[in-house]
Amino acid sequence: VDAVLETLRRFLDEAVGGDSGDDRLVFVGPKLEPWLADDVRSRRLYAKLNTGLARAVRNHPSGREGRAAYVECLTAFCTEETSTVPGAVYGNRAVPDGRFFDGDMLHLNERGYEVWKRMVEVEIIGSATVGPRHSVGKA
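Residues in the sequence shown are numbered consecutively from 10, following our numbering.
These are computed hints drawn from the structure, not numbers from a lab. Owing to the predicted nature of the structure, the values given are computational and were not obtained by experimental measurement. Positions of the beta carbon are idealized from the N, C-alpha and C atoms, including for glycine. Careful, some of the hints might be misleading.
Said to hold, decoys possible - Distance windows between CB atoms, simulated:
(1) Arg18 x Asp111: 13 to 21 Å
(2) Pro43 x Lys126: 17 to 25 Å
(3) Glu74 x Glu15: 15 to 23 Å
Work the whole structure out from these sequences, hints included.
Structure representation (structure tokens):
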């Protein structure tokens, strides 16, 4: 996880670290997937990665200036009744909803991609209407 976060920081420095005009990056975070249902260790690593990625984007100058944003997806594809319960992620209570996934239970299907698309559009449209000081990420 630490190596991924360091790579993201370096990427942000190079991609939007200087004067990049109106360029903006939107990062889409990891999602809990059905194949992880019984793998508590991997789910916790996903959660740690998600928190670290959101923090790295938020704390980078480009994130503070609204030129980079993070879209939180960790429980976005879980059942509605389990995605927000206490301990949803670390308590292994969030249940990925198979209706959003292809048969491999890893990749999103058309319905899942439609949800993902709307999440990214909200981030892009929100930043355009709010301006450069738009708050990024949920974490």
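- Message: Tell me the hint numbers this structure goes against, listed in increasing order.
- Response: Failing hint: just 1.
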